[in-house]
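Participant: As a plain string of letters, each chain reads:
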Amino acid sequence: MPRMAITVDGVKYEEEVEPRLLLVHLLRERLGKTGTPVGCDTSNCGACTVMLDGKSVKSCSVLAVQADGCDVVTIEGLGANGSMHPMQQAFHEEHALQCGYCTPGMVMAAIDLLRDNPDPSEDAIREGLEGNLCRCTGYCNIVRAVRRGAQEMGQAVRTS
Amino acid sequence: MIPAQFDYVRAGSLGEAVQELAADEDAKVLAGGQSLLPLLRLRLAYPSKLVDVGRLPELTGVHDRGDHVFIGAMATHDEVLRSGVVNADCPLVAQATATVADPAVRHRGTFGGSLAHCDPAGDLPAVVLALEGVFVARSAEGEREIPAAEFFVDYLESALGPGEVLVGVRLPKLGAGWGYHYEKFHRTAQSWATVGVAAAVKRSNGAIEEARIGLTNMGPTPVRARVVETALRGMQMGDDVRRACEEAAAGTSPPSDLHAQPDYRRHLARVLTHRAILHAAGSP
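Heads up: the protein sequence lines correspond to chains L and H, in order. Under the numbering used here, the first residue of the first sequence carries the number 1, and numbering increases by one thereafter. Under the numbering used here, the first residue of the second sequence carries the number 1001, and numbering increases by one thereafter.
Hints in this document: simulated from the structure, not taken from any laboratory. Computed from a predicted structure; not experimentally measured.
Pairs of lysine to any residue residues, derived as SDA-like cross-links and limited to a Cα-Cα distance of at most 20 Å, are as follows:
# : chain 1 : residue 1 : chain 2 : residue 2
1 : H       : K1049     : L       : R20
2 : L       : K55       : H       : E1079
3 : L       : K55       : H       : T1099
4 : L       : K55       : H       : D1078
5 : L       : K55       : L       : M153
Okay, the calculated bits of chain H under chain L, using three or more residues with CB under 8 Å as the criterion:
# : region
6 : 1035-1042
7 : 1049-1062
Footprint (simulated), chain L over chain H, 3 or more residues, beta carbon under 8 Å:
# : region
8 : 1005-1013
9 : 1101-1109
We put the beta carbon where it would ideally sit given N, CA and C, even for glycine.
Okay, chain L solo, but in the shape it has when bound:
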């Protein structure tokens, strides 16, 4: 079996993996990172979105071996010192979730969106999150949360 090295949420791992093992299954079943859920399985819903070398990807559509040598950040790697990331906090404050299944992917996609556009309009948010489906909220609170998270993150950058 191929051997691979991967950094997940700041920790280095070396694993022997079957070629057909998907990144999301490596994360959940081998490394215990169950914060990243499996949703649709076919790259439609975005629930399994993680950062791969700094860019959002759907981890159900990446083979673990393709991530050999890469750096992955999951929803579990966002918070620091026991406190939530500003985007997670904004989702909490704005009630941007009901069942919560899509939330890890939504938060990762939202943070990815801000790389290019630190202060996105409502339209830009809706477009930026087009690959992430929520079947509970109707998206309104999610969009509000991303606006708020963006403001908080902008604030954090300015005061740091």
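Take the given structure of chain L and dock chain H to it, following the hints.
Facilitator: Then chain H, alone, in the frame of chain L:
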């Protein structure tokens, strides 16, 4: 679902990749995997081996080559969208790429992968067909060039041979006077095109000097709307253009699926072609 078992090799060079493919007729090229991996997961494909070409430097990057742009097969949609030369000289490619799937898929999915996959609902084949791009492929026998008009053979079937890898695509810079538009109709934000129209229009003294129109999902392969192209030549903008676009579906054989029946696709082709021409000609 979990894919069936397969062997995996990450090719260290293009030469190694074509050797691996030539040695096993059931081996398949793995690029970004955004079409292939869902197919494996749904157990619609059973390759014996995946030859990963995703990290081959020979296939990466977007290059300004003077009179043309060369897009490496492994350039991701995201790289293509961020490319200055694509936006300046092949804006039709940028417009269509922006409609492909969603940002996370565009981070992984590749320009060459989506072309070689030959999905008739994919957006890029009609664009490369309209721009008359040239595909560059490598096999153990060497390199060959395939004009876009010969590359799309059938449903999910390209002109690439079993031991051949797409290196990249040469797209001519059409130069001054040309306008472009990709018009896509789909039912939800990230879904495939029900029908798409890629249009490039050159105007001189107000009239249309030349129009090139590629149709997405109007048959098993992308097709040119030749009847409309011929009719538009020399035409002034106005009602005649709309009438000319009525022939957009001529000679096509659109599929029937849960998104649309053929007659509805023919209707879309006519309407979307008119819109695309108006936008490309700069007078929407």
